[in-house]
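*Asks:* Dock chain H against chain B, hints included.
So the protein lines, in turn, are chains B and H.
The first sequence begins at 12 in the numbering used here and counts up one residue at a time.
The second sequence begins at 12 in the numbering used here and counts up one residue at a time.
Treat the hints with care, as some may be off.
Same chains, same names: a pair is fine if it fits in one copy or spans any two.
Heads up, simulated DMTMM-like pairs for lysine to aspartate or glutamate below, C-alpha to C-alpha not over 25 Å straight-line [unchecked claim]:
1) Lys342 x Glu95
2) Lys342 x Glu254
3) Lys128 x Glu322
4) Lys403 x Asp323
5) Lys128 x Asp323
6) Lys128 x Asp374
7) Lys369 x Asp400
8) Lys163 x Glu322
9) Lys403 x Glu322
10) Lys171 x Glu152
11) Lys163 x Asp269
12) Lys211 x Glu148
13) Lys37 x Glu115
14) Lys94 x Glu343
15) Lys171 x Asp269
16) Lys128 x Glu378
17) Lys344 x Glu95
18) Lys403 x Asp374
It should be emphasised that the hints constitute simulated quantities derived from the structure, not laboratory data.
Protein chains: 2
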Amino acid sequence: MTKSTNKASVPGFLAHGVSAGIKGGKQKDLGLIFSTIPAKAAALFTKNTFKAAPVLIDAERIKRGMAQAILTNSGCANAATGKEGMADALAVSAAAVRQLKIPEEHLLLCSTGVIGKRLPVRKIESGLGKLVRGLNEFGIEDAEAAMMTTDKYPKIAVRKGIVGAKDITICGIAKGAGMIEPNMATLLTYVMTDALIDTKALNTVFHQAIDLTFNAVSVDGCMSTNDTAIILANGLAGNNPLERAQARLQRFREMLTDVLAELAQAVVKDGEGATKFITVVVEGAKSKSDARRVAYSVANSNLVKTAFFGEDPNWGRILAAIGASGILLEKEKVSLSIGNMTVFVQDAPANLPPTGLKEIFRDGNIEIRIGLGGGDKSYSVYTSDLSYDYVKINASYST
Amino acid sequence: MTKSTNKASVPGFLAHGVSAGIKGGKQKDLGLIFSTIPAKAAALFTKNTFKAAPVLIDAERIKRGMAQAILTNSGCANAATGKEGMADALAVSAAAVRQLKIPEEHLLLCSTGVIGKRLPVRKIESGLGKLVRGLNEFGIEDAEAAMMTTDKYPKIAVRKGIVGAKDITICGIAKGAGMIEPNMATLLTYVMTDALIDTKALNTVFHQAIDLTFNAVSVDGCMSTNDTAIILANGLAGNNPLERAQARLQRFREMLTDVLAELAQAVVKDGEGATKFITVVVEGAKSKSDARRVAYSVANSNLVKTAFFGEDPNWGRILAAIGASGILLEKEKVSLSIGNMTVFVQDAPANLPPTGLKEIFRDGNIEIRIGLGGGDKSYSVYTSDLSYDYVKINASYST
Chain B
12 MTKSTNKASV
22 PGFLAHGVSA
32 GIKGGKQKDL
42 GLIFSTIPAK
52 AAALFTKNTF
62 KAAPVLIDAE
72 RIKRGMAQAI
82 LTNSGCANAA
92 TGKEGMADAL
102 AVSAAAVRQL
112 KIPEEHLLLC
122 STGVIGKRLP
132 VRKIESGLGK
142 LVRGLNEFGI
152 EDAEAAMMTT
162 DKYPKIAVRK
172 GIVGAKDITI
182 CGIAKGAGMI
192 EPNMATLLTY
202 VMTDALIDTK
212 ALNTVFHQAI
222 DLTFNAVSVD
232 GCMSTNDTAI
242 ILANGLAGNN
252 PLERAQARLQ
262 RFREMLTDVL
272 AELAQAVVKD
282 GEGATKFITV
292 VVEGAKSKSD
302 ARRVAYSVAN
312 SNLVKTAFFG
322 EDPNWGRILA
332 AIGASGILLE
342 KEKVSLSIGN
352 MTVFVQDAPA
362 NLPPTGLKEI
372 FRDGNIEIRI
382 GLGGGDKSYS
392 VYTSDLSYDY
402 VKINASYST
Chain H
12 MTKSTNKASV
22 PGFLAHGVSA
32 GIKGGKQKDL
42 GLIFSTIPAK
52 AAALFTKNTF
62 KAAPVLIDAE
72 RIKRGMAQAI
82 LTNSGCANAA
92 TGKEGMADAL
102 AVSAAAVRQL
112 KIPEEHLLLC
122 STGVIGKRLP
132 VRKIESGLGK
142 LVRGLNEFGI
152 EDAEAAMMTT
162 DKYPKIAVRK
172 GIVGAKDITI
182 CGIAKGAGMI
192 EPNMATLLTY
202 VMTDALIDTK
212 ALNTVFHQAI
222 DLTFNAVSVD
232 GCMSTNDTAI
242 ILANGLAGNN
252 PLERAQARLQ
262 RFREMLTDVL
272 AELAQAVVKD
282 GEGATKFITV
292 VVEGAKSKSD
302 ARRVAYSVAN
312 SNLVKTAFFG
322 EDPNWGRILA
332 AIGASGILLE
342 KEKVSLSIGN
352 MTVFVQDAPA
362 NLPPTGLKEI
372 FRDGNIEIRI
382 GLGGGDKSYS
392 VYTSDLSYDY
402 VKINASYST
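Pulled out of the complex, with its shape left as it was, chain B reads as follows (with noise of 0.2 Å):
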């Protein structure tokens, strides 16, 4: 398995991004990634109450398992926007299909921004020309710039490997940066490879990779309107086919864990404001569900964030968010690290050189490990910390 993310490319994928002036000025803000072929797809949404209307969209014609396009923008969510946002998504979907020349049903369409305003259709139509004309094969990278809202750098991730007996490519793109606790996904991830393999095998495997990667991710704890994940899967690698319960279905997998490892840890590391990249690993859980509890206690405490954001070693707020999770834990069993320095075990502090801990809060990328003591099931987070600038990014992202 090579890793590369120059001139990202996958064969039988086109891809494209323009300005068509939804932010109002010259910000690419309309993406296209476009298959030759019609491709397997599997799709993974929001679980959001007030899901947008190109989710309500998606999750339909998701369930025929085949697409062929992902439509973008950015620069508007069309969530909270009634019958009429619907409206304006399908009418956008229309338009579409009709340059691309593809049944309207293998169309997918994504929105974010602002939550609350309508989608300025026209713009949006008088951009496709444009975005369908300019499709080529290396036009990931446009099609991935103009997803991105507070976003610092583009995340694109490719693995290239022998699968069935042919090298296949898997390039995964995504926008993050805030509003990042995906229950299901992060807010928009884009896979795309030519394997070929069985519409089941893809959606079993792209549930198992996103619950590894993206749903393990909470830069603010918040659950988006918009959260999309998407696979296409065209088949123009020619492999042995791949189906459930086969050695070399593991071995894809592998491969996409991989590229959306990369995209998810780039998305915590691009979340709005972060200066320092934290993994939360528990340990010794009754449940994975309570391993989950208290790493995510710990993860969204504003309090953890801030001290590690302003290398403030005060690792008592760990534990309090420990304490917090609301799960039966037997206390004197519980044990806090981080970095390399055990700082809490067997209800007592562990005797600390307090200029280590102090380094180990400087550095840009921390480890804590928190050890339950009751059982064998773990799960990690990943998060980032909360700075000035996530406050000032969100208090006046609308306006």
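*Replies:* What follows is chain H alone, placed relative to chain B:
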């Protein structure tokens, strides 16, 4: 009922606060409340697994339903300090009851400050003489000052009224500011009253009043290791005794709730970095627990809180937080109003004059009203916004 906070005093209660050098400066950090006779007592404590040593001690002592004194130190929470922390607290307790000449079980201890640091026992012991000698009937303000940490202003509330044919006084004090989402109580709040009341009745009304007040505030969604709420009733008013299921108990409960509501709201207004006071009212829920989940999902959303700080009328974030609460919602029935403006109803945004909404976000006191249309249960939460100063205060708390 008259309201006054001038020279707070309650018949039969003495108080004082001094600097024992725990915080390292000349700030007051050791406070004492003392009833001249043993008082009926009730208390609520944090549900955090890592309860501080003084919380564990008080939870045992309060079982007798009697207490005479509350000794508080700020600057050190004496939490996550293991057996040594327990021995430290007991050493302080022994020294204090020697000076106060009361049985050890009649002293309650509270600590607040950094978690995981040993209590400076000698400093506290040497401060005790000055503290006890200075006890006086107008010392409540000094005792309150001694328990402040990042609080910007003192929180004292007093109500006087006729209950059971006599004038009675209820005086409450509180400290708050950060790590505030009490599950049972705020960080520290004490109530002194001269009312004559039965122990069971006292316990019942105190729980009820805390539930309506301190259990309905959130500054940052973090539950402390030290949350403690205590009420002492010395009976010196000589009123007709208050017992359960009496009409006159209702009068006492109203006054008590009024005192605690004033303190709870003061804790939110003085929340770390707070610039806004936000009331989240959820109505029309199937159950109180559903209403509570929605209210806290909104009140604890960093994106909602930063939007209020930035006076950015991004109401879609409130809707996203409602939808992320995890309860079963019929979205067509959900309505959202901010101030006097309905912004979302019947699954669609209301037609809004944008300037009007911007104006409401500029106000220092904002009410969010959420209708779920699914029942008749409701819940209200008081919260604050999330500002640069929250990050600033918490980025360097322990150092």
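*Asks:* All hints, please: hold or fail.
*Replies:* The hints, checked one at a time:
no.	hint	verdict
1	Lys342 x Glu95	between (54 Å within a copy, 16 Å between copies)
2	Lys342 x Glu254	neither (46 Å within a copy, 39 Å between copies)
3	Lys128 x Glu322	between (39 Å within a copy, 18 Å between copies)
4	Lys403 x Asp323	both (21 Å within a copy, 12 Å between copies)
5	Lys128 x Asp323	between (40 Å within a copy, 14 Å between copies)
6	Lys128 x Asp374	between (40 Å within a copy, 23 Å between copies)
7	Lys369 x Asp400	both (23 Å within a copy, 22 Å between copies)
8	Lys163 x Glu322	both (23 Å within a copy, 24 Å between copies)
9	Lys403 x Glu322	both (20 Å within a copy, 12 Å between copies)
10	Lys171 x Glu152	within (18 Å within a copy, 70 Å between copies)
11	Lys163 x Asp269	within (22 Å within a copy, 49 Å between copies)
12	Lys211 x Glu148	neither (28 Å within a copy, 77 Å between copies)
13	Lys37 x Glu115	neither (29 Å within a copy, 73 Å between copies)
14	Lys94 x Glu343	between (55 Å within a copy, 11 Å between copies)
15	Lys171 x Asp269	within (11 Å within a copy, 67 Å between copies)
16	Lys128 x Glu378	between (40 Å within a copy, 22 Å between copies)
17	Lys344 x Glu95	between (56 Å within a copy, 17 Å between copies)
18	Lys403 x Asp374	both (23 Å within a copy, 19 Å between copies)
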